[in-house]
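On the provided structure of chain A, position chain B as indicated by the hints.
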Amino acid sequence: MQRDVVARMGWVGADGLVLVYALAPMLWLLSLSLKGAGTLGDQSFFPRDPTLENYRSLADTDFVRPLINSLGICLISTAVALLLGTMAAYAIARLRFPGKRSIIVLAALAATFPQIALVIPLFKLESSLGILDTWLGLVLPYVTFALPLTIYTLSAFFNQIPRGLERAAMMDGATPYQVFRKVFVPLARPGIGTTAILVFIACWNDFIFAVSLTSPDGARTVPAALADFTGTATFERPTTAIAAAAVLITLPILAVVLAFQRRIVTGLTAGAVRG
Amino acid sequence: MAEVEMDHLVKRFPNGRYVVADLSLTVADGEFVALLGPSGSGKSAVLEMVAGLEDITRGELRFDGEVVTETPPWERDVAVVFQSPALYPHLTVAQNIAFPLRLAGTGRTESATLVRETADLLGISAHLDRLPGTLAAGQRQRVAIGKTLVRHPKVLLMDEPVANLDVRLRGQMRSLIGDLHTKFCTTTIYVTQDHTEAMALSDRVVVLRDGVVQQVGTPTELDTRPLNLFVAELVGDAAMNLLPATLEGESVVSGLGTFALPPAVRRASERSPGNEVVLGIRPGDLELVGSDEDEALVVSVQLDDVVSVGSQTTLHFTVPNRGAPSPRSLPPGFSVPVAGTAATARISGPCSERAGSRVRLRVDLARLQIFDSGSGLNLSAPP
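Each protein sequence line maps, in turn, to chains A and B. Everything in the first sequence is counted per the numbering used here, starting at 1 for the first residue and increasing by one. Everything in the second sequence is counted per the numbering used here, starting at 1 for the first residue and increasing by one.
Pulled out of the complex, with its shape left as it was, chain B reads as follows:
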């Protein structure tokens, strides 16, 4: 186990494209860090640089203070679980798990004991004599994990290890990975596109976009204080409602209504160049209320659709474009449809409301996020 220091890492392809631009990150000994981002965000490139499979264009990589930038992969003592388990088709499961030990020159009896222990831990003891080709996808990934566990590496890297599995297996494998980390506390870097995985497993999450770090924080920090629109969109159980709005004095005006600004935002808005913003409300921060509530925080909307999945109900409605900025002033990727902006509210339990009916929703003012519409930066998050 080791502390991993990435010191201004840069990965640039021969064609001049920057895949990773100046990444500095320290992963503490025993920490579980997720690299989260859409495909093409450079997260796998980071992983490959740490593994040694890709060379580092600029910057320095250190394990426990020792520079390993130029060290070849086979000498780094880093183990990788790939998205599609790369097992040796000519070796049995037991031989596959023992392969790293064989390379390291571990004795036959010791290696056999270690393989058996690992297999027991992963629930694949029954398949030790089979060839990988005869195993199911989930079992193959377990063998691949076994191969990394058996040798207790300094650093464990996982590249979307559950992405190729079906939903049920994915959950199982995810909790297995969590349990194993609790047990062995190996320094782990976990690459994923799925924010729920990242949130469920990690101590810290690093959000990447086009090779640039957007935010580093605990899952809670990312959820409650996304630093910009990109993070806000990527993270969270349900996509955040993003409404065009304007700042007017001490309040924010949107199609949903006018709300008083929290003090922090008021201060931040003074630094903001314009007064056109994007108002972010998590669907879970809207609450269905009766008619006797304080008017200032309650909005009335007409439901387009009601979708219930048993324990949760999602209310779909459209927010008209009032006080909306011109589409040109929005950050790239955000467009304002003419009819209005689709939005959702998520409430727990079943709901008797039907599509077409008008309901009243209370906004949790403390959890409102206000983003600068030019830079996408979160004005409500402390800098």
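For reference, chain A alone in the conformation it holds in the complex:
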């Protein structure tokens, strides 16, 4: 009994520590975003005079467009990466074709390539293609960098699906595409959910490509837009406004994670091929 209590206290302590470590910066950001310009440097964690003024001020700035850009670009990138990624992962997990090994190696290579090294070539390339400062101009590199991750995670998931199930499906009359669509995709749903979150977050957080391939008045996404954020007045220090904007752009990610997390948890706890 005694030991139980001690163990429980230990766990509570450890969990608390992790929570503080993970959430303190977020809470600090939240606190900053609620402070007025006057109380910014008062060294108090809790704002003395909490105000929503910063959030209200965002409406006057040109913050809505980057938000729409971000949402659009990230959703499209995630969708395209998953669509191509699941198919590629199926091929890699199940089909035999020439050049399979080199595809796997190349995909890994693409993922490890430092993004900063690609900025200038990409800029040149996109400007001559005329897609600089467009959604497509960001979707393309995002999908490229998301694909290796998608393919690796999903082919691991597909590999877990027993071959017997695939054979059974074929004998039930399923064409290879139907096997993929009606057996593999539903069964790998938790994996697809997880991958979607990771891809979306990676796109949403990208700064390098966003700042170098877009202009403030064009397809600029929020992380880059935050950087050239000046607030409403020219001489005002925009710290609090930036904090408010940062809080605001965290919300979509939170929403996405929560939406998919339910999927993952309730996913497929009940079924198995062998018991």
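Just to be clear, a hint being listed does not mean it is correct.
Claimed, not checked - With the Cβ distance kept under 10 angstroms, some of the chain A side facing chain B (calculated, not the full set):
id, residue
1, 99
2, 162
3, 165
4, 168
Said to hold, decoys possible - In silico contact screen, one side only, chain A against chain B (beta carbon under 10 angstroms); selected entries:
id, residue
5, 92
6, 93
7, 94
8, 95
9, 169
10, 172
11, 175
12, 179
13, 182
14, 189
15, 239
16, 242
As the list claims (entries may be wrong) - What follows is a list of derived Cβ distance ranges for each label pair:
id, chain 1, residue 1, chain 2, residue 2, range
17, A, 207, B, 129, 49 to 59 angstroms
18, B, 40, A, 144, 22 to 32 angstroms
19, B, 38, A, 102, 41 to 51 angstroms
20, B, 185, A, 144, 52 to 62 angstroms
21, A, 52, B, 109, 54 to 64 angstroms
22, A, 99, B, 60, 53 to 63 angstroms
23, B, 39, A, 160, 20 to 30 angstroms
24, A, 160, B, 72, 22 to 32 angstroms
25, A, 175, B, 40, 27 to 37 angstroms
26, B, 38, A, 3, 55 to 65 angstroms
27, B, 39, A, 144, 30 to 40 angstroms
Just so you know, these hints were derived from the structure itself, not from any lab. This one's a predicted model, so the numbers in the text were calculated from it and none came from an experiment. Backbone N, C-alpha and C define an ideal beta-carbon position, used for all residues, glycine too.
For chain B alone, kept in the frame of chain A given last:
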């Protein structure tokens, strides 16, 4: 339903090993044929070639005269029940059974009716809304069978469907499979290692060894006239007693005694190169008799053990090696222990004899089998 013609089918692995060597077999429309053989005999490879899951190295496969050698599995209209039921874990029982119908584009209401009928037939109506993961092994196999029944395929293939079940369930499932075949008469190819299953269910049994057909025949033919030692050993309720023996003139001499040869064997023995043979006696063909019987057909043995399972008693005894061939001349896999050959007799009902006592057994001469010890061929079976 369809007639299945396997025309000189060959399956060869990339490493050069022949899994199936030149198999020709026609399964009639509505027939139930079992492929019987030990593991590695190529029976599953035959099944997979018919299913389309493995490609055919050489030869031709026809359904109702139509060549399907190159047809992909999803277009063959062949259903398979696998050893471990492959159900879709994310679908309910009803959805699993309906899956082939969904693929075939059957309407929702029609499909629901068919699923309900099938489930009633298999006694799984109560579980239609459950996920396969929550079912017991026997129920899962029923669902897998349901999936094949619901679509009335041209050919039904079963790959050891009851092997993973416990003994009691196995019997139930076996009779269920028999009943369903009687009801629907779907052309069925049933792969098994268990001769009792093969004998109980099939119209014909095909015995395979290392990818080569040993014998094709009705269960009775296999039991009474096994074409070679391999079939004789594989088939039958109890393992056949195989005793080294020699042919001497018109009789066969073994450790058990000297018996007159039946006429058919006498003729066959003239074609046999040597006179060293293996004498096969089914345990059920030895009968316990009193002392007043004709000496020629009665042998006296000392019992090593008596095992009774209620309705049947098995008498174990050892046959001394008299007139035995040298071990080298026996077919591979048969060795002659120095002390003698263990043999059994099976009699119905309980038995008062105990281990150690001497008993007299009458041999059913008409049912003796004589195998050439070199080739293993049955000399007593008409060619």
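Against the structure, the hints come out as follows:
no., hint, in the structure
1, 99, "violated, 20 angstroms"
2, 162, "holds, 7 angstroms"
3, 165, "holds, 5 angstroms"
4, 168, "holds, 3 angstroms"
5, 92, "violated, 21 angstroms"
6, 93, "violated, 17 angstroms"
7, 94, "violated, 14 angstroms"
8, 95, "violated, 14 angstroms"
9, 169, "holds, 8 angstroms"
10, 172, "holds, 4 angstroms"
11, 175, "holds, 5 angstroms"
12, 179, "holds, 9 angstroms"
13, 182, "holds, 8 angstroms"
14, 189, "holds, 8 angstroms"
15, 239, "violated, 50 angstroms"
16, 242, "violated, 45 angstroms"
17, 207(A) x 129(B): 49 to 59 angstroms, "holds, 50 angstroms"
18, 40(B) x 144(A): 22 to 32 angstroms, "violated, 49 angstroms"
19, 38(B) x 102(A): 41 to 51 angstroms, "holds, 43 angstroms"
20, 185(B) x 144(A): 52 to 62 angstroms, "holds, 58 angstroms"
21, 52(A) x 109(B): 54 to 64 angstroms, "holds, 57 angstroms"
22, 99(A) x 60(B): 53 to 63 angstroms, "violated, 34 angstroms"
23, 39(B) x 160(A): 20 to 30 angstroms, "holds, 27 angstroms"
24, 160(A) x 72(B): 22 to 32 angstroms, "holds, 25 angstroms"
25, 175(A) x 40(B): 27 to 37 angstroms, "holds, 32 angstroms"
26, 38(B) x 3(A): 55 to 65 angstroms, "holds, 57 angstroms"
27, 39(B) x 144(A): 30 to 40 angstroms, "violated, 49 angstroms"
Figure legend: structure checked against the earlier numbered hints; hints not met, in rising order: 1, 5, 6, 7, 8, 15, 16, 18, 22 and 27.
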